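Number of protein chains: 2
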Amino acid sequence: MFKKYFLAVLILFSASLPALSQTSDSLALKKLTDEILLNGKAYENLYRLCKSVGQRLSGSAGMYKGEEWGLQALKDAGAEKAYLQECMVPHWVRGQKEFAGFKTKKRAADPTFKVLAIGNSVGTGDKGVLAKVIEIANFDELDRRKDEVKGKIIFYNYHFNKTLLHSAYGDAVRYRGRGASAAAKYGAVAVIVRSVTAAYDDNPHTGALNYNDSFPKIPAVTISTKDADKLSNYLKGSYSEDDLFLRTNAMMLPDTLGHNVIGEIRGSEFPDEIITIGGHMDSWDPAEGASDDGTGMVHSIEVMRALNAIGYKPKHTIRIVLFANEENGGKGSAKYAQEALEKKEKHIMAMESDGGGEYPRGFSCGMTKEQFAKVDSWRKYFEPLDADKFLFSEGGGGGADIGPLQKNFKTAQFGLNTTGQRYFDMHHSAIDVFENVNAQELHLGAAVMATMVYLVDKYGL
Amino acid sequence: MFKKYFLAVLILFSASLPALSQTSDSLALKKLTDEILLNGKAYENLYRLCKSVGQRLSGSAGMYKGEEWGLQALKDAGAEKAYLQECMVPHWVRGQKEFAGFKTKKRAADPTFKVLAIGNSVGTGDKGVLAKVIEIANFDELDRRKDEVKGKIIFYNYHFNKTLLHSAYGDAVRYRGRGASAAAKYGAVAVIVRSVTAAYDDNPHTGALNYNDSFPKIPAVTISTKDADKLSNYLKGSYSEDDLFLRTNAMMLPDTLGHNVIGEIRGSEFPDEIITIGGHMDSWDPAEGASDDGTGMVHSIEVMRALNAIGYKPKHTIRIVLFANEENGGKGSAKYAQEALEKKEKHIMAMESDGGGEYPRGFSCGMTKEQFAKVDSWRKYFEPLDADKFLFSEGGGGGADIGPLQKNFKTAQFGLNTTGQRYFDMHHSAIDVFENVNAQELHLGAAVMATMVYLVDKYGL
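So the sequence lines, in the order shown, correspond to chains F and G.
FYI, the numbering for the first sequence is 0 to 460, going by numbering that gives the first Met the number 0.
FYI, the numbering for the second sequence is 0 to 460, going by numbering that gives the first Met the number 0.
Next comes chain F alone, as it looks inside the complex (with noise of 0.2 Å):
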């Protein structure tokens, strides 16, 4: 591209930006974005967190570094109290590099398949399972066939729908999340999932499953997209009647002492009002957890550095939380929501990021309709940023880790949206790594939230 073009885009552009000048809220938004755009920590922040701690899964070493990481973080980032909030977190290991391959005497190698255990499942154990695979397209076919299942491994192969765009994840994550308990309620001994993923490759994405308490804990594996078709082939093929064998020596262990992060600035006006802005501590062990959630919280300890650098005292307390335990449990967002609860605090808003860190496009916004109709009221201070896409739900959710703090409190929810189509393909996986991210995008996203923080915090809700 050479010159022209953006010269024309930028006089286009120029043209929304006079709304802005207008008013010294818009100045001080200014200085507030231009702030992070030009001195923004939150990339360095990311590659720190990435590089020296790495994987953050409930329970592990990991964990008790991230925790570290963050109290460091947030204290420089101006916070003028940073604690740790106890809770219990499930501790589910992964064990032994997990194996899948057909077992035959029949020829000299076999072929096996790229996969890891499920977050939560039970392992195979050594002796592992050895056992036909049936292979399943959905939940539908799964109840059709179920005389079929008993003594099986069923593998789902459901495909991501990218037609679905924003909700190809929601749509796709239900065989990893439930699957195992559907196949074991007609008997079958183990699961393999289709990565949830867009991405065509050899990495596969782990996650949560639930079980239902009602039938057999089964063993659970993803298996990458390619070997997904790669599986497929064999079975329609040459493998048709060969049994599969299936090992992971996965396993939960008991609970174990975990933390919220918390870092706060105490409101000059209402000290008593909270405002809480978060992101996840945990990640999944395959990477780096960089981009979910590592994006979330450098995102939500930029905004409070911000303020801070250019000198805004907020009136409400502001209260950076790193959540732990979002991926496996949900433990930290229930304590830091039951200690609220206790402590009678007054909530009046929560912001979350865990959607990584691509170009933000707005808000999931879970409110009133009178609190939403404020909140659209001040969509011309995110138009320069092209972040106007306010969605609401009244009543819905921002995010898994401010949830709970609605249930008990009505706080208005505030979930960071993003573009969003690269982020599942990294999404718990090897590739979720700090050089996946972009700086500039990066800090657009903490800058699109700062300014809805200074706007509530100023104006109220």
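If you're looking for bench data, these hints aren't it; they were derived computationally from the structure.
Just to be clear, a hint being listed does not mean it is correct.
Repeated chains share a single entry, so a pair holds when one copy, or any two copies, can fit it.
What the hints assert, rightly or not - Keeping only pairs whose Cα atoms sit at most 25 Å apart, straight-line, the calculated DSS-like set for lysine-lysine is:
| id | residue 1 | residue 2 |
| --- | --- | --- |
| 1 | Lys-29 | Lys-406 |
| 2 | Lys-379 | Lys-368 |
| 3 | Lys-161 | Lys-388 |
| 4 | Lys-40 | Lys-161 |
| 5 | Lys-373 | Lys-388 |
| 6 | Lys-388 | Lys-29 |
| 7 | Lys-74 | Lys-40 |
| 8 | Lys-40 | Lys-225 |
| 9 | Lys-406 | Lys-74 |
| 10 | Lys-40 | Lys-229 |
| 11 | Lys-30 | Lys-314 |
| 12 | Lys-161 | Lys-29 |
| 13 | Lys-161 | Lys-379 |
| 14 | Lys-149 | Lys-50 |
| 15 | Lys-30 | Lys-379 |
| 16 | Lys-102 | Lys-126 |
| 17 | Lys-314 | Lys-74 |
| 18 | Lys-64 | Lys-229 |
| 19 | Lys-314 | Lys-457 |
| 20 | Lys-30 | Lys-161 |
| 21 | Lys-50 | Lys-225 |
| 22 | Lys-29 | Lys-373 |
All of these numbers come straight from a predicted model, not from anything done at the bench.
Following the hints, complete the assembly by docking chain G onto the known chain F.
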């Protein structure tokens, strides 16, 4: 992220879908965009272009290989007619690797810097240029210090302004484009220009300059952002009195024969009324020209493929044009417009993609108010794709390659706009490679373009 969040988003996004399903246009457009998202060939085409052709600078062997790739890709996409349109293009060559470093006898190992000759620039020849360097922040400072410039190398250290978002490139590229002549006016012997990019790394970003014929043509290079800071520090410190040695063997050879590559489907009702959709073939030489502008070419080709795939018969003649020589001359677009004028063709709309394959946001719309009112009434069809941002400019342009059509024909212009924050990290540098393009984002861009082409073809403008 666990599933709850996305289920909420699923519900919220779905809320905008019912409107779509009410009309036959909505159904046809859903079929069209689903075809692209599920079966799109743009990503595969881009892979082939990047990995089997590579760089395609005007006049280079890569350009000819690119033209062959383009002809084949257009035929594969269902063009009834695919042909070359001759045009003479500049033939600039970089020559042997550039060198820039302090040269002194005082020190054993003097520092060197990562530089690339700017396109269209003259070289120093083997003898190089040895001169003191003056760092200049901007053109104002150059004018103030004009008396110091004679015999010096001018180092423009103007920073890419990240707070300008979509207009940062247009702001900073002035120094690359006309910095050489501005300095030559005052007697400078060469210029070094800080790379026009938001990235902070070791990759110099090339691109074109335009010499002003009133002043001597002097050598010009870009320097990576990290090395710009390094050079600045040396100039303020231990090398403030030293000469810098600069060598580039760039030169402009005589013009040579290039081609616009064109694929066509004849219109069923208005065969003499033409819709042009295009990107440009040529690319800078440090990498593969994946995002600039491989993505624009495969976007355009995909529009034709998808319209064919769903069995849509266009009323107007659809022409996909892979323009020659956008980067350093614009000879391809000039030729296309000139021949259209000679043949008295009627061009009702032209669309260009030259902003990379990132998540699409909408179009720059250069047209009459009446035309824009019609376009704006179609906004609802773009909402499900989150690409409903239409930037209107009365008589404004949609891009460098389609601009000349407007001059002669008042052809309505559509320039695809993307989120665009990653584009200038790679632009014109060694990292503009296939791996930095996301398949789903790329296909979304083609879906947005195809949607507009369908509507204009069906309802006119």
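So, going through the hints one by one against the coordinates:
1. Lys-29 with Lys-406: Neither way: Lys-29 and Lys-406 sit 35 Å apart in one copy and 38 Å across, limit 25 Å.
2. Lys-379 with Lys-368: both (19 Å within a copy, 24 Å between copies)
3. Lys-161 with Lys-388: Answer is both: 21 Å inside a copy and 22 Å across each meet the 25 Å cutoff.
4. Lys-40 with Lys-161: Classified as between: cross-chain Cα gap 14 Å, same-chain 34 Å, threshold 25 Å.
5. Lys-373 with Lys-388: Both. Shortest intra-copy (15 Å) and inter-copy (23 Å) distances satisfy the 25 Å Cα cut-off.
6. Lys-388 with Lys-29: both (19 Å within a copy, 22 Å between copies)
7. Lys-74 with Lys-40: Within. Shortest intra-copy distance 13 Å satisfies the 25 Å Cα cut-off; inter-copy 50 Å does not.
8. Lys-40 with Lys-225: Answer is between: at 18 Å across copies they meet the 25 Å cutoff, but 38 Å inside does not.
9. Lys-406 with Lys-74: Neither: 30 Å inside a chain and 59 Å across chains, both beyond 25 Å.
10. Lys-40 with Lys-229: between (44 Å within a copy, 22 Å between copies)
11. Lys-30 with Lys-314: Classified as within: same-chain Cα gap 18 Å, cross-chain 51 Å, threshold 25 Å.
12. Lys-161 with Lys-29: between (37 Å within a copy, 13 Å between copies)
13. Lys-161 with Lys-379: between (32 Å within a copy, 20 Å between copies)
14. Lys-149 with Lys-50: This pair counts as neither: shortest intra-copy Cα distance 45 Å, inter-copy 48 Å.
15. Lys-30 with Lys-379: Within one copy only: 16 Å inside, 34 Å across.
16. Lys-102 with Lys-126: Classified as within: same-chain Cα gap 13 Å, cross-chain 70 Å, threshold 25 Å.
17. Lys-314 with Lys-74: within (20 Å within a copy, 64 Å between copies)
18. Lys-64 with Lys-229: neither (39 Å within a copy, 35 Å between copies)
19. Lys-314 with Lys-457: Close inside one copy (7 Å), not across copies (56 Å); limit 25 Å.
20. Lys-30 with Lys-161: For Lys-30 and Lys-161, only the inter-copy Cα distance (13 Å) is at most 25 Å; the intra-copy one is 39 Å.
21. Lys-50 with Lys-225: So Lys-50 and Lys-225 pass the 25 Å test across copies only (21 Å; inside, 29 Å).
22. Lys-29 with Lys-373: within (20 Å within a copy, 34 Å between copies)
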